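J.: With the hints in hand, could you dock these two chains into one complex?
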Amino acid sequence: MAEATSDQLRVRLVTPERILFEADASAVELPSKTGYMEVLYGHAPLMAELGAGDVTIHQVADAAQAGKPTRYNVSWGFVEVLPNRVTILASDALKPGEIDLPRAEQQLDRGLNLWKQAGESVEAYDEALRVISEAEAKIASAGEADTSH
Amino acid sequence: MANVLDLRRRIRSVKNTRQITKAMKMVSAAKLRRAQERALSARPYARMIASVIESLRRRVDLYDEQTGNLSHPLFLTRPERRVLLIVISGDKGFAGAFNANILKIAYQFIQGNPDKEIDIEAVGRKGRDQLRRRYPTAGYTEQTDEHGATRSVRNPRQGKVELTGDHPGLLAHLDPKLIEEIALNIVSRYVHEEIDAAYIVYNEFKSVISQRLVVEKLLPLIEAGTPQIAGVVEPTSEEKERVAEAALSAGIELEAADTTEAEEEAKRFGTASVDYIYEQPAQELFAGLLPQYVFSVIFHAMTESVAAEHAARMTAMDSATNNASDMIDSLTLHMNRVRQAAITKEIIEIVSGAAAL
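Chains as they are written, first to last, in our numbering: chain A, 1 to 149; chain B, 1001 to 1357.
Hint data in this document are derived by calculation from the structure and do not stem from the laboratory.
Careful, some of the hints might be misleading.
Stated by the list, open to error - A few chain B residues that face chain A, going by a derived Cβ cut-off under 10 Å, partial list only:
hint: 1; residue: Y1045
hint: 2; residue: L1289
hint: 3; residue: A1342
hint: 4; residue: I1343
hint: 5; residue: T1344
Stated by the list, open to error - List time: in silico DSS-like cross-link candidates among lysine-lysine, alpha-carbon distance up to 30 Å:
hint: 6; chain 1: B; residue 1: K1177; chain 2: B; residue 2: K1031
hint: 7; chain 1: B; residue 1: K1177; chain 2: A; residue 2: K116
hint: 8; chain 1: A; residue 1: K95; chain 2: B; residue 2: K1267
hint: 9; chain 1: B; residue 1: K1206; chain 2: B; residue 2: K1267
hint: 10; chain 1: B; residue 1: K1104; chain 2: B; residue 2: K1015
hint: 11; chain 1: B; residue 1: K1104; chain 2: B; residue 2: K1160
hint: 12; chain 1: A; residue 1: K33; chain 2: B; residue 2: K1177
hint: 13; chain 1: B; residue 1: K1240; chain 2: B; residue 2: K1206
hint: 14; chain 1: A; residue 1: K68; chain 2: A; residue 2: K95
hint: 15; chain 1: B; residue 1: K1104; chain 2: B; residue 2: K1022
hint: 16; chain 1: B; residue 1: K1092; chain 2: B; residue 2: K1031
hint: 17; chain 1: B; residue 1: K1267; chain 2: A; residue 2: K33
hint: 18; chain 1: B; residue 1: K1217; chain 2: B; residue 2: K1240
hint: 19; chain 1: B; residue 1: K1092; chain 2: B; residue 2: K1022
hint: 20; chain 1: B; residue 1: K1015; chain 2: B; residue 2: K1092
hint: 21; chain 1: B; residue 1: K1177; chain 2: A; residue 2: K95
hint: 22; chain 1: A; residue 1: K116; chain 2: A; residue 2: K33
hint: 23; chain 1: B; residue 1: K1031; chain 2: A; residue 2: K95
To be verified - Just a few of them, taken from the derived set where beta-carbon distance is under 7 Å, the chain B residues facing chain A:
hint: 24; residue: A1042
hint: 25; residue: Y1107
hint: 26; residue: P1176
hint: 27; residue: F1269
hint: 28; residue: Y1276
hint: 29; residue: I1277
hint: 30; residue: Y1278
hint: 31; residue: E1279
All of these numbers come straight from a predicted model, not from anything done at the bench.
For every residue, glycine included, the Cβ atom is placed at its ideal position computed from N, Cα and C.
This is chain B alone, in the form it adopts within the complex (with noise of 0.2 Å):
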């Protein structure tokens, strides 16, 4: 049996544990509202967008007058064969199952469509490392063509899977101009027929207590406007209360800032029931509005997934707090009464040594 000693030394450690996790929960919280903040702030853009595309849709003949096809390659449909989806992770760990759910999505996604060719383009480091272990990486080869200039092409598929890219790193400043390379990138696969349609997997975050994980469809643009989930994970109630909890002992507002006001305002933008003298033709401007849309869903999905993982994370401290609480009250109360038997036991020495004499 542990001695007084061991077990003070055993208690000493999960304080210290305890303190970290304490201020690694602090620290998450406080990153938490700053990443609440940017992506409140984010939204009007986002949804200015939105709303000019849905006007402009109403006005614009979407289909070409002559051919009778639909006028912008992001409407085209075809049929799905091969896939590119974007995963966006956390960049670090310790965040409880945030990186494990994010890929455990991404995996059935994966599992669901074994007959297509899927691309995957990783955001955020833990992902990523995950998903390069499991699946092999594209390779690319330069080529001289008949005019002198390079370009690369892409080696033979070596599985149905691949990884076409990587962006580690990203998530910690979200620079609007690395992201929007990222979505003309997308875009521009798209337009080549090197892809068929793009989902995006993220964890949405309306609120502290209202996230969910979403599969997102991003091309080909049926519905613009409008998001096209694909699918959905709710989390459990059970876990919305962990998180609650957490938020609370933290001092995080449970429910974003009401900016219904702000949203209606910017719904409006580019709607009003007025005929615009259109600077450019109408039709160019929407093929310039298209690509902007795809960049703002992105950049949603990544300001939203960055707040989701520091609340994750902040949940997750928070657990490990209480945990070493627990743990620190049980080891007392073991050391307390080891402490007194051997008092006792002292006691019922020295008393039957007195009664012997």
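Same shape as in the complex, but just chain A (with noise of 0.2 Å):
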């Protein structure tokens, strides 16, 4: 059985401050730019821009914590992908519970506002579509954490 239990991820969260998470994991679910991905043992290399979304990990599939995914939400980072690691560059990294949900919809506000103010600047347009984004990411992730309870 040695086989199977090699067959994990080595998943590590790094944010500026510090690394935030290391663990092994059976699979990894990523909010890249582009969409959702799921990585799991065996993945080919891969780089990756992160946007703002949930990170999933699905840890080792113990039985005390099978179905007991890790979310974690970021804003924004990297990730590289290598058959037998992953490792997210995060620029913001918050666990559903706490996130400010009154500051994320404030967020939400100054980026509706900003997008309406944002005229014929395409600069404005993305910096507003980030900053919704962002808040949109982080309501949603903190509603999960409400009614997973």
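T.: Now the structure itself:
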């Protein structure tokens, strides 16, 4: 059974401040900039830019922990996937429970305002989009945290 | 000559001072330990960003095929006419020559470039206060363009050197979000050609006994992935000894914990010698990484500077405590002499009085 236990991904979640999470997992879901993707053991080497959303880490299929994935809300970053290793560099990462919902809603309002005021500027639109998607991801992830309890 | 009572009072006052400096030293030592930890745990991210950029650089064509120009604006080098200088000092005093040294380097930089226009971004309250007294602050006026959108336009310069921004209180928490904002602001100023280069002045902190003052070139990124040090001032061996002494008496390890293994691990990020699938075009990934790199350099500089500030304060307070102890010793000796002299005088008076009878 030594084979089976080695079929694990080494997942690391790194933020500017520290290494937030490091453990073995059987699968990881990632919010890439162009859409969600799931990485399993033996994935081809890949580099991707992350958008705003939830990283879901499906931990070792231990009877006690099965079905209890670890979730982090991340916004912006990069990920490197190697066959047995996933390293996530996130600009910001929060546990769903740590999300400040009123603040995320304020952020959404701010983003929508930016969107309205953007006028002709492409840059301003991009910035507004960034703020909006980050806020929406936060709100969605906090909402899920509520329902799961 | 002071009498015994006066001396006793002075000794008491110096003792009180010593108690305060001792407490400050212990507080700084505790804060230093925390800051050191934070600086250490911030390293993997910086290291990883740097190494992934390094490896992408080898794969991505930096030069545009059609025009032959560098493909990213952050790599463009222009003649340096307008320069941004980020000065990272401390928020509080009582740290020996820490703030003065940083400012000295900053002034040297300014005097060494008399023909350039220099914008200063001051981080840390102490440095900001000094610089604001010395140089004018840049003014901005709101302007409305034909579309009705308002934007602020910078007023004409009042001098070669101007203060464009300050961030007091930032160092107390080191919120990555706020620092990212600063980094993006600097990047956009560079891209819009408001500045032709950016330098950062800070106190590098490798471990308690290995620190130095550094002027690092932030932009343009000529060699992304490796720090571009423009000037360095090493502490004298005497200073190093002082710091080591203070650290030992406060129970702080001289050499930082061994992180070579983690560093090696971090260096490997994104550099495996396999062909990666790039989810986004490599160019795009690269463009997204560069501002993050600028951010990580600034963040790194700030975490190190905070640790260095606490180390400097600890050393200064250790010296103050030692000086207070010396002073108490010499005052006590003096007091005893005075008391002895008084007693001797009295005995002589009594004896000579008795002899006269």
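J.: If a hint holds in the structure, say so; if it doesn't, say that too.
T.: Taking the hints in turn, this is what the structure says about them:
no.: 1; hint: Y1045; in the structure: holds (5 Å)
no.: 2; hint: L1289; in the structure: holds (7 Å)
no.: 3; hint: A1342; in the structure: violated (64 Å)
no.: 4; hint: I1343; in the structure: violated (65 Å)
no.: 5; hint: T1344; in the structure: violated (68 Å)
no.: 6; hint: K1177(B) x K1031(B); in the structure: holds (22 Å)
no.: 7; hint: K1177(B) x K116(A); in the structure: holds (24 Å)
no.: 8; hint: K95(A) x K1267(B); in the structure: holds (27 Å)
no.: 9; hint: K1206(B) x K1267(B); in the structure: holds (18 Å)
no.: 10; hint: K1104(B) x K1015(B); in the structure: violated (34 Å)
no.: 11; hint: K1104(B) x K1160(B); in the structure: holds (18 Å)
no.: 12; hint: K33(A) x K1177(B); in the structure: holds (20 Å)
no.: 13; hint: K1240(B) x K1206(B); in the structure: holds (13 Å)
no.: 14; hint: K68(A) x K95(A); in the structure: holds (14 Å)
no.: 15; hint: K1104(B) x K1022(B); in the structure: holds (28 Å)
no.: 16; hint: K1092(B) x K1031(B); in the structure: holds (13 Å)
no.: 17; hint: K1267(B) x K33(A); in the structure: holds (24 Å)
no.: 18; hint: K1217(B) x K1240(B); in the structure: holds (26 Å)
no.: 19; hint: K1092(B) x K1022(B); in the structure: holds (17 Å)
no.: 20; hint: K1015(B) x K1092(B); in the structure: holds (24 Å)
no.: 21; hint: K1177(B) x K95(A); in the structure: holds (17 Å)
no.: 22; hint: K116(A) x K33(A); in the structure: holds (23 Å)
no.: 23; hint: K1031(B) x K95(A); in the structure: holds (27 Å)
no.: 24; hint: A1042; in the structure: holds (6 Å)
no.: 25; hint: Y1107; in the structure: violated (31 Å)
no.: 26; hint: P1176; in the structure: holds (5 Å)
no.: 27; hint: F1269; in the structure: holds (6 Å)
no.: 28; hint: Y1276; in the structure: holds (5 Å)
no.: 29; hint: I1277; in the structure: holds (4 Å)
no.: 30; hint: Y1278; in the structure: holds (5 Å)
no.: 31; hint: E1279; in the structure: holds (3 Å)
Violated hints for the displayed structure, listed by number in ascending order: 3, 4, 5, 10 and 25.
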